[in-house]
Amino acid sequence: MAEAQNIPVGSTTAGSIAVAAESTVVSRMSAPPSFDVADFPVPHGREEEWRFTPLERLRGLHDGTAVANGDGVKVDVQAPEGVTVETVGRGDARLGKAGTPVDRIAAQAYSAFEKASVVTVAKETVLTEPIRIAVHGQGGTAFGHQVIELGAFAEAVVVIDHTGDAVLAANVDYILGDGAKLTVVSVQDWDDKAVHVAQHNALVGRDASFKSVVVTFGGDVVRLHPRVEYAGPGGEAELFGLYFTDAGQHQEHRLLVTHNTPHCKSNVVYKGALQGDNAHAVWIGDVLIEARAEGTDTYEMNRNLVLTDGARVDSVPNLEIETGEIVGAGHASATGRFDDEQLFYLMARGIPEHEARRLVVRGFFAELVQQIGVADIEERLLAKIEEELEASVA
Amino acid sequence: MATLEIRDLHVTVEADNATKEILKGVDLTVKQGETHAIMGPNGSGKSTLAYSLAGHPKYTITSGTVLLDGEDVLEMSVDERARAGLFLAMQYPVEVPGVSVSNFLRTSATAVRGEAPKLRTWVKEVKEAMERLNMDPSFAERNVNEGFSGGEKKRHEILQLELLKPKVAILDETDSGLDVDALRIVSEGVNRVRETGEVGTLLITHYTRILRYIKPDHVHVFAGGRIVESGGPELADKLENEGYESYVKGGASA
Ligand SMILES: Nc1ncnc2c1ncn2[C@@H]1O[C@H](COP(=O)(O)OP(=O)(O)OP(=O)(O)O)[C@@H](O)[C@H]1O
Ligand SMILES: [Mg+2]
Numbered sequence: 000m001a002e003a004q005n006i007p008v009g010s011t012t013a014g015s016i017a018v019a020a021e022s023t024v025v026s027r028m029s030a031p032p033s034f035d036v037a038d039f040p041v042p043h044g045r046e047e048e049w050r051f052t053p054l055e056r057l058r059g060l061h062d063g064t065a066v067a068n069g070d071g072v073k074v075d076v077q078a079p080e081g082v083t084v085e086t087v088g089r090g091d092a093r094l095g096k097a098g099t100p101v102d103r104i105a106a107q108a109y110s111a112f113e114k115a116s117v118v119t120v121a122k123e124t125v126l127t128e129p130i131r132i133a134v135h136g137q138g139g140t141a142f143g144h145q146v147i148e149l150g151a152f153a154e155a156v157v158v159i160d161h162t163g164d165a166v167l168a169a170n171v172d173y174i175l176g177d178g179a180k181l182t183v184v185s186v187q188d189w190d191d192k193a194v195h196v197a198q199h200n201a202l203v204g205r206d207a208s209f210k211s212v213v214v215t216f217g218g219d220v221v222r223l224h225p226r227v228e229y230a231g232p233g234g235e236a237e238l239f240g241l242y243f244t245d246a247g248q249h250q251e252h253r254l255l256v257t258h259n260t261p262h263c264k265s266n267v268v269y270k271g272a273l274q275g276d277n278a279h280a281v282w283i284g285d286v287l288i289e290a291r292a293e294g295t296d297t298y299e300m301n302r303n304l305v306l307t308d309g310a311r312v313d314s315v316p317n318l319e320i321e322t323g324e325i326v327g328a329g330h331a332s333a334t335g336r337f338d339d340e341q342l343f344y345l346m347a348r349g350i351p352e353h354e355a356r357r358l359v360v361r362g363f364f365a366e367l368v369q370q371i372g373v374a375d376i377e378e379r380l381l382a383k384i385e386e387e388l389e390a391s392v393a
Numbered sequence: 000m001a002t003l004e005i006r007d008l009h010v011t012v013e014a015d016n017a018t019k020e021i022l023k024g025v026d027l028t029v030k031q032g033e034t035h036a037i038m039g040p041n042g043s044g045k046s047t048l049a050y051s052l053a054g055h056p057k058y059t060i061t062s063g064t065v066l067l068d069g070e071d072v073l074e075m076s077v078d079e080r081a082r083a084g085l086f087l088a089m090q091y092p093v094e095v096p097g098v099s100v101s102n103f104l105r106t107s108a109t110a111v112r113g114e115a116p117k118l119r120t121w122v123k124e125v126k127e128a129m130e131r132l133n134m135d136p137s138f139a140e141r142n143v144n145e146g147f148s149g150g151e152k153k154r155h156e157i158l159q160l161e162l163l164k165p166k167v168a169i170l171d172e173t174d175s176g177l178d179v180d181a182l183r184i185v186s187e188g189v190n191r192v193r194e195t196g197e198v199g200t201l202l203i204t205h206y207t208r209i210l211r212y213i214k215p216d217h218v219h220v221f222a223g224g225r226i227v228e229s230g231g232p233e234l235a236d237k238l239e240n241e242g243y244e245s246y247v248k249g250g251a252s253a
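Which chain is which? The protein sequence lines are A and B, in order. Numbering that gives the first Met the number 0 numbers the first residue of the first sequence as 0 and each following residue consecutively. Numbering that gives the first Met the number 0 numbers the first residue of the second sequence as 0 and each following residue consecutively.
Possibly wrong hints are sitting among the right ones.
[Unchecked claim] Sample of chain A residues with no beta-carbon within 10 angstroms of chain B, all distances over it, derived:
1. Arg-93
2. Asp-339
3. Gln-341
4. Ala-355
[To be verified] Computed list of lysine to any residue pairs in SDA-like fashion (alpha-carbon distance at most 20 angstroms, straight line):
5. Lys-270(A) - Gly-97(B)
6. Lys-57(B) - Asp-338(A)
7. Lys-57(B) - Phe-337(A)
8. Lys-57(B) - Asp-339(A)
9. Lys-270(A) - Asn-142(B)
10. Lys-57(B) - Arg-336(A)
11. Lys-270(A) - Thr-11(B)
12. Lys-23(B) - Glu-33(B)
13. Lys-57(B) - Lys-270(A)
14. Lys-57(B) - Glu-352(A)
[As the list claims (entries may be wrong)] Simulated DEER-style distance windows between Cβ atoms:
15. Glu-46(A) - Glu-74(B): 40 to 46 angstroms
16. Asp-339(A) - Glu-74(B): 19 to 25 angstroms
17. Glu-128(A) - Glu-145(B): 54 to 60 angstroms
18. Glu-145(B) - Phe-34(A): 27 to 33 angstroms
19. Glu-74(B) - Glu-47(A): 41 to 47 angstroms
20. Glu-389(A) - Asn-41(B): 22 to 28 angstroms
21. Ser-62(B) - His-353(A): 39 to 45 angstroms
Because the hints were derived from the structure by calculation, they are not lab data. C-beta atoms are modelled at their ideal positions from N, C-alpha and C, and glycine is treated no differently.
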């Protein structure tokens, strides 16, 4: 069941477990998935999937007024040997295989991109070095499409690093062949004004393992939509997320795991810290277990630590189960204020206040950071958390 | 010689939109090397005294003074008090998720000692202190107080006492929730610190049981928010036999 404790004023942690014949995850979208932006009405803000998002800050991504300009963002792919990196046109058959846009901005991105980047790891290739994709905003507007495909039994770590200033709408497809193992770390370390809206589609092959780590620090508005489906039984998906929402920032993570295949696993853990006026974090965790997905094992959790007054969290876990033949299914959501008793205890042992706060916040994220499994990213994250905290103390 | 001087201390808390006075003029002097037992019934304000001395933000000092070696304790922040040599072993130690005991102890020792302890001697120091308190080494890797049993929490408090070597130690019901073996182990820990002669101890307790292990020099009866009687160890025997009844009545009418 959802647990809620010590909820700061104005925040919500609604949660539900529904046993339904027909999915409400699907029925509450304004339009069925489509690659064509014209199939989606322009959102007005009261739709279920838009109600938390400040449309007026999307710089026209949602209503067709955003127009791409030449060097909106620069994408640089560094790949070790054994990896094929291609830039392809719209007609390439590999695009859109992992999933279909589910909202207007994802469809807008799909309708508007000119070139896509396709990164392929051939079957049975096991990389020892990460593939690094640097997406650097240069102050413009861009629509992107990125495909990362692993052949059967291939293994790779991909780090996608978003920096700079941009208005970016994108779709990212992850295609995992049978038995493949893919870890993707997507870091949103944008400058203050950036707007980034993206749908991530993972298609997890038979017995394949997918690990997604989403790390959001920067930007004015970041709205990400990581989604997972399974192409065969035995697949495993771990979705980890970490966000640090500062004053004025809107950071929204909307997840959907669709258990459409028997005997697959999913584990979702997102943790966020918020500080400052009008810091707004939104977490939507939808897990759908279809009738045919017997033997499913799933758990999702979202925790938020509110460091100061004036921040707001909306956390909505939602689990829909269409079959009783499962191994396990659960969810939890909790939003708590920074605990003054913990602060007192640490300070009563001589530890100065800012250091005590750092210990607690680091501790809040530590377990999650340790699960990333990419050493330089772990260190960078911890350093980034320190930096955010320093900024708040100053 | 370190001395803690509490003079006419009045303390209030905010509860249900009302201000409630809990401490109504506490006077007490604790000198280095001395052990004072403070005994009193539930709700008499013993923990309030302990928290107020440590600087817990819930408690408001409305009048009175607290001096440690002549320095105004009430002017200090919580961490400054600890670095000045005050230590509070809490009745209900707080869980701090995600912060390991070893990280916590080292950060704390670094703050209180003013420099980071040398790693090699430090590891040994902690290990030996834990052994003496019968704490499994695995506790070092666990999160502070998280999932600790009541007795384990109290041992962890005394471990900190031994490592931080304060000038004045306030032990708030360190005996509660301990079985006889644990009580002996914890008391031995307190006695090791006392035997250095460098700490003044304020031992807050509801029961006389712990006084069989930790011999106080002075016993004070606490009721209705202040000290209502002071004496030597024999006062504890009187409380053992007669209970607090006579004081509770007196305290209420006062
Ligand atoms: N933070 C607080 N808010 C409201 N009331 C409080 C608070 N702290 C203490 N009190 C009240 O003050 C009185 C004294 O409490 P305190 O905890 O100091 O007593 P105690 O002597 O330590 O009792 P015990 O033996 O049960 O530990 C009680 O009536 C208690 O309810
Ligand atoms: Mg008490």
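Tested hints:
Distance to chain B confirms Arg-93(A) as a non-interface residue, since its nearest Cβ pair spans about 42 angstroms, more than 10 angstroms. Non-interface call for Asp-339(A) relative to chain B: violated, since the shortest CB-CB distance, roughly 7 angstroms, does not exceed 10 angstroms. For Gln-341(A), the requirement that its beta carbon stay farther than 10 angstroms from each beta carbon of chain B is not met, with the minimum near 5 angstroms. Once the 10 angstroms rule is applied to beta carbons, Ala-355(A) is inconsistent with being away from chain B; the minimum gap is 8 angstroms.
Among the hinted pairs, Lys-270(A) with Gly-97(B) is consistent with the structure: their alpha-carbon atoms are about 13 angstroms apart, no more than 20 angstroms. For the hint linking Lys-57(B) to Asp-338(A), the alpha-carbon distance of about 13 angstroms falls within 20 angstroms, and the restraint holds. With a C-alpha separation of about 16 angstroms, the suggested pairing of Lys-57(B) with Phe-337(A) holds against the 20 angstroms cut-off. A C-alpha spacing of about 10 angstroms is found between Lys-57(B) and Asp-339(A), which places the hinted pair at or below 20 angstroms, so the restraint holds.
Taken as a hint, the Lys-270(A) and Asn-142(B) pair is honoured in the structure, with Cα atoms around 18 angstroms apart against an allowance of 20 angstroms. At most 20 angstroms may separate the alpha-carbon atoms for a hinted pair to count; Lys-57(B) and Arg-336(A) meet this at roughly 17 angstroms. Taken as a hint, the Lys-270(A) and Thr-11(B) pair is broken in the structure, with Cα atoms around 38 angstroms apart against an allowance of 20 angstroms. For the suggested pair Lys-23(B) and Glu-33(B), the alpha carbons sit about 24 angstroms apart, so the restraint of at most 20 angstroms is broken.
Between the alpha carbons of Lys-57(B) and Lys-270(A) the distance comes to roughly 29 angstroms, so the proposed pair goes past 20 angstroms and is violated. Proposed proximity of Lys-57(B) and Glu-352(A) is supported: the alpha carbons are some 16 angstroms apart, at most 20 angstroms. At about 56 angstroms, the CB distance of Glu-46(A) to Glu-74(B) disagrees with the hint of 40 to 46 angstroms. Take Asp-339(A) and Glu-74(B): their Cβ atoms lie about 21 angstroms apart, and the range 19 to 25 angstroms holds.
A beta carbon spacing of about 37 angstroms between Glu-128(A) and Glu-145(B) contradicts the range 54 to 60 angstroms that was offered as a hint. A hinted range of 27 to 33 angstroms for the beta carbons of Glu-145(B) and Phe-34(A) is inconsistent with their spacing of about 49 angstroms. Range check, Glu-74(B) to Glu-47(A): about 55 angstroms between beta-carbon atoms, so the 41 to 47 angstroms window is missed. Between Glu-389(A) and Asn-41(B) the beta carbons are some 44 angstroms apart, a value that contradicts the proposed interval 22 to 28 angstroms.
In this structure the supplied range 39 to 45 angstroms is violated for Ser-62(B) paired with His-353(A), their Cβ-Cβ distance being about 31 angstroms.
Of the hints listed earlier, those the structure fails to meet are numbers 2, 3, 4, 11, 12, 13, 15, 17, 18, 19, 20, 21, in rising order.
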